[in-house]
Amino acid sequence: MFFFYFLFILLAVLNIAFPRFGWYLRYGWMVKGESEPSDAYILMSRISSAIVLIVFFFFILGGR
1 MFFFYFLFIL LAVLNIAFPR FGWYLRYGWM VKGESEPSDA YILMSRISSA
51 IVLIVFFFFI LGGR
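Quick note: the sequence shown uses UniProt numbering, first residue 1, plus one each step.
Calculated directly from the structure, the hints in this document are not laboratory data. Only a predicted model underlies this, so the values are computations on that prediction, with no experimental measurement involved. There may be inaccurate statements among the hints.
Think about it this way: if two alpha-carbon atoms lie no more than 20 Å apart in a straight line, the pair counts; the simulated SDA-like pairs of lysine to any residue are [what the hints assert, rightly or not]: (1) Lys32 <-> Asn15; (2) Lys32 <-> Gly22; (3) Lys32 <-> Phe21.
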């Protein structure tokens, strides 16, 4: 179970720190030529990752 917690936290933190990397993994490979994620996408990606991480910590700490 610890591995799952570690992996989930790692992915959330990486998405907060490097949201463009997640965009390239999900959408970037489908686009021909130069394409970048919008500023709104980057902002929403960071906000949603932070919220998910906070909720995850509440579930983990509340479940013990």
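Structure-based check of each hint:
no.: 1; hint: Lys32 <-> Asn15; in the structure: violated, 23 Å
no.: 2; hint: Lys32 <-> Gly22; in the structure: holds, 17 Å
no.: 3; hint: Lys32 <-> Phe21; in the structure: holds, 17 Å
Hint 1 from the list above is the single one not met by this structure.
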